[in-house]
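A.B. asks: Please take these sequences and the hints and turn them into a complete structure.
Those protein sequences? They're chains A and B, same order as listed.
Just so you know, we're using numbering that gives the first Met the number 0 here: the first sequence kicks off at 0 and counts up by one.
Just so you know, we're using numbering that gives the first Met the number 0 here: the second sequence kicks off at 0 and counts up by one.
Heads up, a few of these hints could be off.
[To be verified] The calculated label-pair distances, taken between Cβ atoms and stated as ranges, are:
(1) A:D226 / B:K222: 54 to 62 angstroms
(2) B:L30 / A:R359: 40 to 48 angstroms
(3) A:E2 / B:R269: 32 to 40 angstroms
(4) B:L181 / A:T119: 44 to 52 angstroms
[What the hints assert, rightly or not] To give a feel for the contact side, a few chain B residues facing chain A, derived at Cβ under 8 angstroms:
(5) T76
(6) R77
(7) A100
Treat the hints as calculated values from the structure; they're not laboratory data.
As the structure is a computational prediction, the values presented were derived from the model and not from experiment.
Note that beta-carbon positions come from the ideal geometry of N, C-alpha and C, so glycine has one too.
Number of protein chains: 2
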Amino acid sequence: MREVAIVAAGMTPFGELWDMSLRRLFAEAALEVVKKAGVDHLDSIYVGNMSGGCFVGQEHLGPLMADQIGMAGVPSTRVESACASGGIALRTAFFEVASGASDLVLASGVEKMNDGADATNVLATAADQELEVYHGITFPGLYAMIARAHMAAHGTTEEDMSWVSVKNHRHGALNPKAQFPLEFTLEQVMNSTPVAEPLRLLHCSPVSDGAAAVLLCPLDQAKKYTDQPIKILGTGQATSAMALADRKDPTFLDSVQLSAERAYTMAGVRPGDIDVAEVHDCFAIAEICCIEALGLIEKGQAAGAAAAGLTALGGRIPVNTSGGLKSKGHPVGATGIAQAIEIFEQLRGEAGKRQVQGARLGLAQNMGGSGASSVVHILERT
Amino acid sequence: MREVAIVAAGMTPFGELWDMSLRRLFAEAALEVVKKAGVDHLDSIYVGNMSGGCFVGQEHLGPLMADQIGMAGVPSTRVESACASGGIALRTAFFEVASGASDLVLASGVEKMNDGADATNVLATAADQELEVYHGITFPGLYAMIARAHMAAHGTTEEDMSWVSVKNHRHGALNPKAQFPLEFTLEQVMNSTPVAEPLRLLHCSPVSDGAAAVLLCPLDQAKKYTDQPIKILGTGQATSAMALADRKDPTFLDSVQLSAERAYTMAGVRPGDIDVAEVHDCFAIAEICCIEALGLIEKGQAAGAAAAGLTALGGRIPVNTSGGLKSKGHPVGATGIAQAIEIFEQLRGEAGKRQVQGARLGLAQNMGGSGASSVVHILERT
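C.D. replies: Written as structure tokens, this is what we have:
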């Protein structure tokens, strides 16, 4: 298997971008990458997208997006794993380069969620239609049940969850691409509107439009395109039972643990080696579950990690320096690529006020549904 | 890059299967493969599916389908390229095995089109939403325009197109899995109900439910699972302008030619070496365009090929011995895998009354939309 590097990144701001269509969002991110890398062609394109069909009536994004950037002809494929679609695009692009079949592969993600569709109902297509959605539940409700169970089993509090939001908004306030680059106090989070108790508005990631893209090539060709290639050291993917009720322990995200184990093994590193991580905080409780399943925080300490400053900038293991899904925004198909871009910039020392000094090894974890799918990438400064 | 083989295949009958859900269709095909190969695990799963979201309100098919066959945990990814989703699943699975990352990868496709959704409108999400669908056109209309342009430019007749349907139904009548295993006379085809002139009902593939799956592994391990592995000798993918109006010549499917060239080059073979082919006859005119773009029939002779018997069983290059999309049925996400299964069985000498004697090299060509995406695989008897 060939070694693979990321050599360039591009992304739109995330937000309610009423003047930007699905195709324009993609084109802006993709052409930024093409320009930065100085390439005149691509060998292949992967587009992570959760539901162009349900959001804006457009499937078949592979050829559409190649066409939009003047590259009709180039193989171009849409991949989907709900909110983990971006991470999956990175992984499938990795395999195509690693196999030797292609040299220059664009891994991208895009979602246009604000265009009239009922986002909550469209997102619910990522849950089990027969066992969950048919009976009326949507994602805030599923994650509220995870939160309640976590509180009952582990003594987690609303304050613990609220500190996750406070921390991620502090980080996001330093990110010019973030949808909500503003800080909130603990009191503001804890007194925000209830959505699905115990989850409140400021525990939930927003509905967002956006696109992100990175260029992959064989590591031994990377210096042609950048002085600072970032190596993809490991990739891991896993699934879990689709319906929350079918899992042994709803508070433990086994797909996250399994995907991380696979990525750590491939990379030959341990959780303690990671310097900076982006994890899937679609709801505040999700970050708590993820950092424990990833092994970034010891079992039993995850709930209090944000309050204790362990996961903040300057803490032991900074998590979601980009602002995370909570502050940066969560255009679902783009999120996994945007996470990889934050790690890419951190490892290149380009994260500005969000920079984790001396970061050498970073992790990005992207999740679908209530954790039925998870994909982890480990990136390394070369 | 490692050499890759197909070692087992499974598929449901195709048809209006009102008692079979999306997940059950998948499970039936996938478990048939697992049983035939005698494996107790899979390393990874790819699910080709065009629009679970719009057809039955279910995205996130990767983890759902892994869970359905008792394999929660296994990495499982849905890929989409409209009606070429199955072929793309085969290609992405190929890369994962070829890269060395995984040994046992299931490539599958599934679609549940008969469950209340308006199939014509859902299928239209594969066309350009802004330039085509918004203005009211759907696929029968797009292919009718291709047919009219073909008639004007090349003198193709309604009779030429009708012979394609007659031939494919003759083949399909020999296929126990076909949705419409019945023969029609030329007169019946030419007098069938107009759908979008010059296309009539019997020039159009049906709306179908179904699933198909194949197991891939490294060629050097294949004998553990079967006495007769079939090697994937070449894979090629290409895109074209999304909107028909944006193509230089609407009668020439450049994505088909380009994807075929890439597959021929990788395989080191020429069109004349192919013994049997499955091509994407979603409408009768599509088969005519495809066999020309694939180089299976000389330029200018494609329209009359079915009438002349060139593409029939016993002819120079038998095309769509399975009955094709027209007779076998077209559950869009499953079609590309079903095509590969027909070639797999032909090369193993298992095609029964449809057998092409001595077939050594076969081709499967799967297409999305009005030809905006195309993927070609070349398989070889080992």
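A.B. asks: So, for every hint listed, does it hold in this structure?
C.D. replies: Hint-by-hint comparison with the structure:
Here the CB-CB span from D226 of chain A to K222 of chain B is close to 48 angstroms, at odds with the stated 54 to 62 angstroms. For L30 of chain B and R359 of chain A, the hinted distance range of 40 to 48 angstroms is satisfied, since their beta carbons lie about 45 angstroms from each other. Separated by about 35 angstroms at the C-beta atoms, E2 of chain A and R269 of chain B satisfy the suggested range of 32 to 40 angstroms. About 46 angstroms separates the C-beta atoms of L181 of chain B and T119 of chain A, a value consistent with the hinted range of 44 to 52 angstroms.
For the restraint placing T76 of chain B at the interface with chain A, the shortest Cβ-Cβ distance is roughly 5 angstroms, inside the 8 angstroms limit, so the hint holds. Taking 8 angstroms as the C-beta cut-off, the interface hint given for R77 of chain B holds, the closest approach to chain A being about 5 angstroms. Satisfaction of the interface hint for A100 of chain B is found here, the shortest Cβ-Cβ separation to chain A being roughly 6 angstroms, below the 8 angstroms cut-off.
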